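Asker: Take the given structure of chain A and dock chain B to it, following the hints.
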Amino acid sequence: MSGKLSGKNAIVTGVASGIGKATAVRLAADGANLFCVDRDEAGLAQLVGTLGEGHVGFPADLSRASSCQEVVAAALEHWDNRIHILVNAAAILIREPTLSHSREAWDLTFDVNLRAPFILSRDVAASMMEARIQGAIVNVASIEAVLPGRGHVAYTASKGAITMLTRSSAFEMAPYGIRVNAVSPGVIATGMNADLREDPESWSEMLSGTPMGRHGQPVEIAAVIAFLASDDPSFVTGAIVTADGGWTLH
Amino acid sequence: MTRADHSEQRKAAILTGAGRGIGKGIATTLAERGYDLVITSRTREDLEVTGQLVEQVGGSAAIVVADLKDPDTPSVLLETAIDRYGRLDGLVNNAAVNVFAHFWTQSESTLDETIATNLTAPFYLCQAAANYWVDNGRGGAIVNISSAEDTIAYPEQVPYACSKGGLLSLTKVLALEWGPLGIRVNAVSPGSVDTEMTPDVYRQEAPKLMPIGRLGRPEDIGACVFFLLSDDAAFVTGTALYADGGYMLQ
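So the protein lines, in turn, are chains A and B. Position 110 of the first sequence, counted from 1, bears residue number 110 in my numbering, the numbering being contiguous throughout. Position 239 of the second sequence, counted from 1, bears residue number 1239 in my numbering, the numbering being contiguous throughout.
Isolated chain A (complex conformation) (with noise of 0.2 angstroms):
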């Protein structure tokens, strides 16, 4: 297939669903070769079934720091030491109250939203300046690190944190054009919202405020990751991309 990212090797975290999903079927429409990653086996397995030769499933538990370290060593030795692109976009939201929020969902979404993210972009970093690949990684910030939800403590500051991750790994990378961005999505209807999205008419009511008037579909925000992801943005990094419907504008 030939495409805007004909011939490039690129992991996608989170593909099991939501955006992740979404990415994984855009870069590979693309022309991209996927390197898919998350810790549903079943979902992992139906992604990947869905999108054709050549790409690869691996499962794994990104919470876990040797499992982030696995993943990279088995995308490299699967492509001969050569890796593009980058796409972290598994994430988890613990909903608990600020003041009982416990300690184990705090470490758990930090193991998971901030920790796998660094751990991949070092490890992938290191191997584009090895094998000399002026190489994208991609995280998936939130809008939330700008506008908090409530109950989402632990969510909410490892967003921000990624937020900065980006931008400081971008500073330190640019010397070698290997370029480091961020799309800040907005509401977007992923299963990390589907309870909420059961009561029609306060989902409705709580985005008729916004100037889009709707929340967006993952889709949306894989052709924001296609587009970072590509050769195109080649004078942009360390750039956060907001993908909202204008949600933040006020």
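Be aware that a few hints might be false.
One side of the interface only, derived from the structure: several residues of chain A facing chain B at Cβ under 7 angstroms [what the hints assert, rightly or not]:
# : residue
1 : 58
2 : 95
3 : 164
To be clear about the criterion: a stretch of chain A counts as covered by chain B if any three or more of its residues have a C-beta under 8 angstroms from a C-beta of chain B, and this derived list gives those stretches [what the hints assert, rightly or not]:
# : stretch
4 : 114–123
5 : 141–155
6 : 215–222
Covered stretches of chain B (in silico footprint by chain A; criterion: 3 or more residues with CB under 8 angstroms from a CB of chain A, positions within the stretch not fixed) [stated by the list, open to error]:
# : stretch
7 : 1037–1051
8 : 1216–1227
Note that these hints are calculated values from the structure, not bench results. None of the values given here were measured: they were computed from a predicted structure. Cβ coordinates follow ideal geometry from the N, Cα and C atoms, glycine included.
Answerer: Just chain B now, kept in the frame of chain A:
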């Protein structure tokens, strides 16, 4: 040519400041990716060169020599697009002036001139385009070419910095107001871009100041504009995409 935007019917956009620099790069990038253009500046010779470049990549360019400070200019540009292409899909406000001088020597006429070209003209052009889209029961996309200076300061450019700060705010407020109308308004904020106006001494020294190690190319900015005009950015509005080679990370 693999993207949907290439194979579909060609679209039409108005581009200001198309005769030189970044505007020329935007013109060629949009033309090769499926846009026919109405291009404008104050200098016919410059526009004719851009028009030839556009035609070389398979696009059409309607040339309008105009002063953006003339209140009739927006309707002339709009009517040209409708007469020539029967449609308008995008507006790119790129024209800008920048007079370098110490703050204590800047004249009020320079301030007036800078605001008139860099901020007031985009305002009225946005208004004309949005009215056309509303009257025709359709949406549209606007990209304002702002600057890294909408956020960070450089010396000796006070009027320019004021105009770009204003343009960023204009972008956000129009996105907020017009979100419900299906009109998206975004900005690309370039850092240092290598154009025919770039002094040689700066061309030699500036790459050392850029994390990415080089100046931007006009086509780099064109690729960002194309993305924000496209349906790939369907959920993106009110956003500034910084294309600065990582300059703002320092």
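Asker: Kindly indicate which numbered hints from before are broken by the structure, ordering the numbers from low to high.
Answerer: Numbers 1, 2, 3, 4, 5, 7 - these are the hints that the structure violates, sorted from lowest upward.
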